[in-house]
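Sequence order for the protein chains is A and B.
In our numbering, each number is its position in the first sequence, counted from 1, plus 353.
In our numbering, each number is its position in the second sequence, counted from 1, plus 356.
A few of these clues could be false.
Straight-line alpha carbon distances no greater than 20 Å define the calculated EDC-like cross-link-like pairs of lysine to aspartate or glutamate that follow [as the list claims (entries may be wrong)]: (1) A/652 x B/464; (2) A/680 x B/464; (3) B/492 x A/770.
Non-contacting residues of chain B with respect to chain A, defined by C-beta distances greater than 12 Å in every case (computed) [what the hints assert, rightly or not]: (4) 392; (5) 425; (6) 428; (7) 432; (8) 460.
Distance windows between CB atoms, simulated [stated by the list, open to error]: (9) A/369 x B/465: 53 to 63 Å; (10) A/427 x B/468: 49 to 59 Å; (11) A/376 x B/368: 16 to 26 Å; (12) B/486 x A/467: 38 to 48 Å; (13) B/368 x A/369: 51 to 61 Å; (14) A/614 x B/486: 36 to 46 Å; (15) B/578 x A/939: 19 to 29 Å.
I should point out that these hints are in silico values taken from the structure, not numbers from a laboratory.
Keep in mind that this is a model prediction, so the values were computed, not measured.
Think of the CB as a built atom: it goes at the ideal place given N, C-alpha and C, for glycine as much as any other residue.
Listed here are the chains, written in short residue letters.
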Amino acid sequence: MIGALLYLRLTSLRNLVVYRVSRMRQPKYLVGTAAAAAYFYFVLLRRSAFPRTPSATALFSGVGTITMTFLCVGFSTLALLRVAYAWISPAEKPGLRFSEAEIAFLFPAPVTRKTLIHFRLLSAQLAILFTSVLMAFLFNRFGYLGGNRAMRAVGWWVILSTFDLHLNGTNLTLARLREKSSAFVAWRVAVVAAIALYLAAVVWLTAAFAKAAPPGDFSSAIGASGFIHALMDSSPLRWLLLPFRIVFGPYFASGFREFGMAMIPALLLLALHYYWVSNTEAPFEEGSIALAEKRAAAKAAALAGESPKIGGSRPRARSGPFPLSPKGPPEIAFLWKNLLSMRSSLLNRRMVLISIWVVFCLSIGLRPLLMARSRGGGADVVSPIVVMFCAMLAVYTLLLGPQVVRQDLRNDLPNADILKTYPLEGWRLAFGELLAPTVILTLSLWLSILVCAVIIDPGGSIGWLTPGVRVTTALCMASAAPFLCFIQLIVPNAIMVLLPGWYQASRSRAGGIEMFGQRLIFGVAQLLVALLAAAPAGCAAVLIIFAAQWVVGAGPAIGLACAAVLTILVGEAAVGLWWLGGRFEKLDLSADIR
Amino acid sequence: MIEVEGLTKRYGAFTAVRGLSFTVRPGEVLGLVGPNGAGKTSTLRCLAGIIPASEGSVRIAGNDLAVDPVAAKRALAFFPDEPRLFDYLTVRQHLAFVARIYGVVHYEDLARSLLAELELVEKADVLPGELSRGMKQKLVIACGLLHSPSVIFFDEPLTGLDPLGIRRMKDSIVRRARDGAAIVLSSHLLHLLEEVCTHVLILKKGDKVAVGTLAEVSTQFSNGEPNVSLEEIFIRATGGSET
Chain A
354 MIGALLYLRL
364 TSLRNLVVYR
374 VSRMRQPKYL
384 VGTAAAAAYF
394 YFVLLRRSAF
404 PRTPSATALF
414 SGVGTITMTF
424 LCVGFSTLAL
434 LRVAYAWISP
444 AEKPGLRFSE
454 AEIAFLFPAP
464 VTRKTLIHFR
474 LLSAQLAILF
484 TSVLMAFLFN
494 RFGYLGGNRA
504 MRAVGWWVIL
514 STFDLHLNGT
524 NLTLARLREK
534 SSAFVAWRVA
544 VVAAIALYLA
554 AVVWLTAAFA
564 KAAPPGDFSS
574 AIGASGFIHA
584 LMDSSPLRWL
594 LLPFRIVFGP
604 YFASGFREFG
614 MAMIPALLLL
624 ALHYYWVSNT
634 EAPFEEGSIA
644 LAEKRAAAKA
654 AALAGESPKI
664 GGSRPRARSG
674 PFPLSPKGPP
684 EIAFLWKNLL
694 SMRSSLLNRR
704 MVLISIWVVF
714 CLSIGLRPLL
724 MARSRGGGAD
734 VVSPIVVMFC
744 AMLAVYTLLL
754 GPQVVRQDLR
764 NDLPNADILK
774 TYPLEGWRLA
784 FGELLAPTVI
794 LTLSLWLSIL
804 VCAVIIDPGG
814 SIGWLTPGVR
824 VTTALCMASA
834 APFLCFIQLI
844 VPNAIMVLLP
854 GWYQASRSRA
864 GGIEMFGQRL
874 IFGVAQLLVA
884 LLAAAPAGCA
894 AVLIIFAAQW
904 VVGAGPAIGL
914 ACAAVLTILV
924 GEAAVGLWWL
934 GGRFEKLDLS
944 ADIR
Chain B
357 MIEVEGLTKR
367 YGAFTAVRGL
377 SFTVRPGEVL
387 GLVGPNGAGK
397 TSTLRCLAGI
407 IPASEGSVRI
417 AGNDLAVDPV
427 AAKRALAFFP
437 DEPRLFDYLT
447 VRQHLAFVAR
457 IYGVVHYEDL
467 ARSLLAELEL
477 VEKADVLPGE
487 LSRGMKQKLV
497 IACGLLHSPS
507 VIFFDEPLTG
517 LDPLGIRRMK
527 DSIVRRARDG
537 AAIVLSSHLL
547 HLLEEVCTHV
557 LILKKGDKVA
567 VGTLAEVSTQ
577 FSNGEPNVSL
587 EEIFIRATGG
597 SET
């Protein structure tokens, strides 16, 4: 039987490869593949060189420790939360992951449940092997983690396989408990309480260690890495984190001997998990069917071009963001509709819970470092971190925001025929569609600007950075923000109307190197347009400030520069909008999406 | 009133519709028929202003679609074969949205009567995902009729409807025509043409094969034989196969 299953997997894989190669005859796939191949070669395969002096080696070793620690803590926390979530909110009928075709062919076939479980594990292995190799390249491209890539790949395989087995075991156990045990809820409460207690113990012990430890040097990666090593070796934590130490052992190993020693307990733990999964008699069929239907529906929605729904929950009817009067500019109707759509797709209960968790974990995770640092010198470490975070948020908002917040023409592509029958000029329709994402991205930018304006206070150490200059600069940046966001949003919408076939293929979330390459090209285009749009405004601002500050002072000079920047950005936005509207009027999806 | 003169639609080197001319007056229902690939959907999409014609002119209620598309579109409604709705807008919110787009100032009373007529009152606050296909179709019709269009286009209006839905759709088309709308519908269903249409336009490979009232077209292809069915006429006119 396993032979037949292997045949199915390998034949499917071969046909997939043949299909992917043959479709490269179309330029959009060929160019996408070339872009992705270039990216993988230059970014992942070519290991970056760094100086091999003793001090540099120590520094990179410190960076490696910090990177690996964050990686392990992040992965472990996610794994724990995922398992906790499975116990807190189990599916109505917990099941294993099969495709609809696998269910149609295998469930009625004369095979045992155990064989089906083996098929599931075998299927997962292909994906795990691929992911392990990719992760080994991705996280070891600078070489500072030590060891070699083969060991890293095996390390990742151990981590991912153990997690996969644990999740399958959890689902099977839940299915069994739901059917057999009258104390199903009590079991769940007990397990969740144990996980919560475990997390609390880890956090409390970490905080206690940070409080008791001697002041360390956190200004360098070496100092921080020393602190992390000492923390991990502290007595209670060492035993409490033992399961994770075993799982991550092969990944952390820096030599062959250490790797071999780490593999023994890791493989034993893996074998225990395998025994647990393969010997849990549970009715997983109905749950698997429900899961397969859900995944098939999500895939169909993605192929139809619908935006991903975070959390996957069903949309709920909600009241509009504001009362929509039948009188007034029709563009506002699009703002109203798209804001309503955003509320449903982004602000669901699961998304809010995830956000709270992220904030909680960040605050808990940073606490020991901040405590130890403040004890060491007493310098303000919070402000630079907050400013850096806000700056990153602003950059991500401008560059990645338009790819994430897509409640505009892109989201309405399936309804393009209906939109085109509306009695509106193309530019007005495009303007209306772009309003909602512009509002969202602008609010994000304004938040960043506000926080930076409040926090950045040199306290007189920089003479020209007076409160007046700070306020003027913040106001100028805030006034330019909506136009920058608007221009940035024109780019992906322009790509959509210019190359709808490409766009439709890339938004379908289909896998493959060529899809990755297409998305990469779109990302580069976004970056280039951002630079091109900002360059004239930036040059004008610099020239005006430089020339005018000697005459009128810094504050008024910034104001003058702002006026020039706004004029240029409004002009760019108007030209882009006019072009986008015209292109949308001429868009013929039936002819273009081929 | 719909006036079409020399309408041609090309996709690259392929001509989907070639030199089509016809007029649909208020109260008339024109059935657009032909084998698969005859150019029915391309014609409808050009008439509704969804795609630009390569050549020729289309006038909707006296407005040239190429010269003043906004005025022309204000007078028309297009109903696609698949109901296209916004996932996150309830039935009532769809109507509010369309009212703002078309500037229907006092739409509430009309919306109420449309919801009642289409039996959607109880579903007014649910999302399209919770509606059956027939109900989605009804919502599309309610949205399309909210601005009281004088020109209506239907693309395969009976697709996916149950028998009761089919009867109601036919009644609705006939009633709109009686109220003075000029209607064009495309369909493969010949019985729909017999029951609803006053005129018929037969297309084949993008060319007009015949146009006129049902009686005129029957006469043209009956070769003097009495009681020739519409199905037989269609087969004689088009050759009966896909193009």
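Do the hints match the structure? See the list:
1. Proposed proximity of residue 652 of chain A and residue 464 of chain B is contradicted: the alpha carbons are some 39 Å apart, above 20 Å.
2. With a C-alpha separation of about 13 Å, the suggested pairing of residue 680 of chain A with residue 464 of chain B holds against the 20 Å cut-off.
3. Proximity of residue 492 of chain B to residue 770 of chain A is assessed by CA-CA distance (about 16 Å); at most 20 Å being required, the pair is judged to hold.
4. In this structure residue 392 of chain B is separated from chain A by more than 12 Å, as the shortest Cβ-Cβ distance comes to about 14 Å.
5. Not every beta carbon of chain A lies more than 12 Å from that of residue 425 of chain B, the smallest distance being close to 8 Å; the non-interface claim is violated.
6. Chain A draws residue 428 of chain B into its interface by the beta-carbon criterion, the shortest separation being 8 Å against a cut-off of 12 Å.
7. With a cut of 12 Å on Cβ distances, residue 432 of chain B falls inside the contact zone with chain A, its closest approach being about 7 Å.
8. Residue-level check failed: residue 460 of chain B sits 6 Å from the nearest beta carbon of chain A, not beyond 12 Å.
9. Between residue 369 of chain A and residue 465 of chain B the Cβ separation comes to about 57 Å, which falls inside the hinted range of 53 to 63 Å.
10. Evaluation of the 49 to 59 Å hint for residue 427 of chain A and residue 468 of chain B yields a pass: the beta carbon distance comes to about 55 Å.
11. About 21 Å separates the C-beta atoms of residue 376 of chain A and residue 368 of chain B, a value consistent with the hinted range of 16 to 26 Å.
12. Judged by the Cβ atoms, the range 38 to 48 Å given for residue 486 of chain B and residue 467 of chain A holds: they are separated by roughly 41 Å.
13. Here the CB-CB span from residue 368 of chain B to residue 369 of chain A is close to 31 Å, at odds with the stated 51 to 61 Å.
14. Between residue 614 of chain A and residue 486 of chain B the beta carbons are some 59 Å apart, a value that contradicts the proposed interval 36 to 46 Å.
15. For the pair residue 578 of chain B and residue 939 of chain A, the beta carbons lie near 44 Å from each other, so the given range of 19 to 29 Å is not met.
Comparing the model with each numbered hint stated earlier shows that hints 1, 5, 6, 7, 8, 13, 14, 15 do not hold.
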